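Q: So the chains spell out like this:
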Amino acid sequence: MTAEKLMMLSGAIAFLFTLYWVRKREMLEKLAIIWIVASSFFLLLGLFPDILKIFALSARLSFSTAALFIFTGLMYIFAFFASLAYSNLYRRNQRLTQKIALLELRQNELEAKLSKKNGEGDVEPGQAPLASL
Amino acid sequence: MAGEKILVVIPAYNEEKSLRKSVEALVSILRTSDILIVNDGSLDGTQQVAASLARELPALSLLSLPINSGIGITVQTGLLYARSKGYDYVIQYDGDGQHDPVSIPAMLRKSVEEKLDLCVGSRFLKPQAGDFLSTGLRRVGIQFFSLLISSMTGIRVTDPTSGFRVYGKRAIDLFSGYYPDDYPEPEALFWCVRNGLRVGEVPARMHERAGGKSSIQFMGSIYYMIKVTVAILVEKIRSREMIKDDS
Numbered sequence: 000m001t002a003e004k005l006m007m008l009s010g011a012i013a014f015l016f017t018l019y020w021v022r023k024r025e026m027l028e029k030l031a032i033i034w035i036v037a038s039s040f041f042l043l044l045g046l047f048p049d050i051l052k053i054f055a056l057s058a059r060l061s062f063s064t065a066a067l068f069i070f071t072g073l074m075y076i077f078a079f080f081a082s083l084a085y086s087n088l089y090r091r092n093q094r095l096t097q098k099i100a101l102l103e104l105r106q107n108e109l110e111a112k113l114s115k116k117n118g119e120g121d122v123e124p125g126q127a128p129l130a131s132l
Numbered sequence: 000m001a002g003e004k005i006l007v008v009i010p011a012y013n014e015e016k017s018l019r020k021s022v023e024a025l026v027s028i029l030r031t032s033d034i035l036i037v038n039d040g041s042l043d044g045t046q047q048v049a050a051s052l053a054r055e056l057p058a059l060s061l062l063s064l065p066i067n068s069g070i071g072i073t074v075q076t077g078l079l080y081a082r083s084k085g086y087d088y089v090i091q092y093d094g095d096g097q098h099d100p101v102s103i104p105a106m107l108r109k110s111v112e113e114k115l116d117l118c119v120g121s122r123f124l125k126p127q128a129g130d131f132l133s134t135g136l137r138r139v140g141i142q143f144f145s146l147l148i149s150s151m152t153g154i155r156v157t158d159p160t161s162g163f164r165v166y167g168k169r170a171i172d173l174f175s176g177y178y179p180d181d182y183p184e185p186e187a188l189f190w191c192v193r194n195g196l197r198v199g200e201v202p203a204r205m206h207e208r209a210g211g212k213s214s215i216q217f218m219g220s221i222y223y224m225i226k227v228t229v230a231i232l233v234e235k236i237r238s239r240e241m242i243k244d245d246s
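Each protein sequence line maps, in turn, to chains A and B. Residues in the first sequence are numbered consecutively from 0, following numbering that gives the first Met the number 0. Residues in the second sequence are numbered consecutively from 0, following numbering that gives the first Met the number 0.
Just chain B, same shape as in the assembly (with noise of 0.2 Å):
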């Protein structure tokens, strides 16, 4: 991985109890990477939280949105900064402490080793399964994804939702034009295998929220449901071209 630029994205909500705790957990696995928070639109304390960890490392900036936009413009924003300074490789890292940075320097041996433009971490593959694997709801929703992009695609997938990523410098290029707006994961995913990226998984620890309160709940996951849904099957009828990028 010498010479490859890298840069790893926090988007962060109101994270303001484990922003600080997921960021150190993160410098003492990566020490040479740059870091970029991008805080969207957060009402409790994150933007201070953040200001004060872009003091005091001099590798992290910090970048807010000014109003609260959600996931796919707050990791979007991420990829455009990202393309903007040359970045080979970003990795989205939540800032509520659910990704144990562990599992990145195997995400990024196999992004580089076989060329992936997108590489998720796992949780449901062995053998470093973590010791969480979410709740027993949303592993239901987890698995029917799964069979979803699995069979309209022909192509594996264990953990579609897992917002724990590495993008390659082509996943950086074309997410900067398209990303979709909200739970963009498993749409993502879908969006990259139909237009012929490259994409592969490797397994991932992940732990409970450190803090917070996680943006999906009763009623979102239904919505999340039929939202994704629709929206993979609308994919599925779109043409395979690359999106144009109007920015």
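Pulled out of the complex, with its shape left as it was, chain A reads as follows (with noise of 0.2 Å):
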């Protein structure tokens, strides 16, 4: 298989993989844009491998694939920032966790001491409305 080939079939592959997972829900479509934008790419340099080779020319590179040494580059700094966002989520994400529970068991607290003020004996723990969520 040439290289051209394989381009062209990885670029298909990660196109449809995009589609597949944003047609699930399990991606959003604004983070697709970027993963679209990039396996078109490949799609187009496997078709029209001249591109990379006019582009490495007006980028004055020396052989035509350093040019996709940059390209590599780039999806590392997005894939590195991506990583970041992710982090920032699940610490967001703990945050809101934690106080989910301790709600909960405040409203647990607050709807036993209700119970035995009106005589209604106790409540359950865990039995609150918001535990069936």
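These are calculated hints, taken from the structure and not from any lab test. Since the model is a prediction, treat every value here as computed from it, not as a measurement. Using N, Cα and C, we set each Cβ at its ideal position, and we do this for glycine too. Certain hints may be false.
Only pairs whose alpha carbons sit at most 25 Å apart, straight line, appear in this in silico DSS-like list of lysine-lysine [what the hints assert, rightly or not]:
#, chain 1, residue 1, chain 2, residue 2
1, A, Lys112, B, Lys109
2, A, Lys98, B, Lys20
3, B, Lys4, A, Lys98
Computed Cβ-Cβ distance ranges for the label pairs, DEER-style [to be verified]:
#, chain 1, residue 1, chain 2, residue 2, range
4, B, Ile221, A, Leu83, 32 to 42 Å
5, A, Ile50, B, Arg138, 34 to 44 Å
6, A, Ser61, B, Leu136, 44 to 54 Å
7, A, Ala58, B, Gly153, 53 to 63 Å
8, A, Arg90, B, Lys20, 30 to 40 Å
9, A, Ala11, B, His206, 55 to 65 Å
10, A, Tyr75, B, Val229, 14 to 24 Å
11, B, Leu136, A, Leu101, 32 to 42 Å
12, B, Gln142, A, Ser61, 52 to 62 Å
13, A, Arg24, B, Leu124, 48 to 58 Å
14, B, Met224, A, Met74, 45 to 55 Å
Dock chain to chain to rebuild the complex, using the hints, since each chain is given by itself in its own frame.
A: This is the structure in structure tokens:
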């Protein structure tokens, strides 16, 4: 298999994969854009390998495959910032999880107090409405 | 220890078989302390067992994380609760029957007398060394972290992976703001020493798990070693300032 064919095939697979995840709503459309652009780019390079040569020539790169290193570098930067965003979201998710649990306990305690005050007997822990969410 | 407000935090994940026994053993030793079970999104009957214990024991509360979040988040949630209720000391005690509550009074005494921020129950300190010292491979890991932390801080630690701990008020406050996520014990200990908190160890008795499954399996052990080592080395190059509370 030639490099061009390999590029075309991987571009098509990457494109279809991206569409699959977006269709399943497991990837946000706005985040899928970069991957659709990347896979389309590989597909185009496979179809028209001269694009790489033209780009390398205009960027004064000594050999055309060096252009691929530039694109790999760009993808690395994107993936790096995606990891940063993931870390940030992870921390926020942690805080929300903890807040939910603490609020649920507080709700249970208040409901138990209220029930006792009204003489309705104890509310079972974890049986408050929030627990069923 | 009169007048000190004490809370026992029991992080529990899939501990339906051992939780009741652990709590009963604890209550037989600590009759007056409050207990908080933090259920970390267990998939078995832990929630039901804990809820039934909460009905039987007025001093026991149950806090349930809606999704499985890991030991670090579970313990930190207990610390957040303790901070909101103004507790002076938090005892971290496992729900799997590994920690012998007989050691708790000595841990608390040392924490109060020496004004410790973090007191670790060590299974390797004599003369009260327990009947279970962990498996061979894990002991190598524990030895490695002991050497790493001791050499980097100049303080002798014998059981940095022990989750049997007493947190003082300052540690409760600080760890409510930041606490490592997964495999937190060695990293949290190192963080305390580096940031000038008072740390000590007390001999503690431990047993084999009464039920459930350890969260660290073979592949997990390799990840554990790498992750914790990297975390400690990164902590070493961080500036020594208290981490800001982002809650």
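Q: Of all the hints numbered above, which does this structure not satisfy? Sort the numbers upward.
A: Violated: hints 1, 2, 4, 5, 14.
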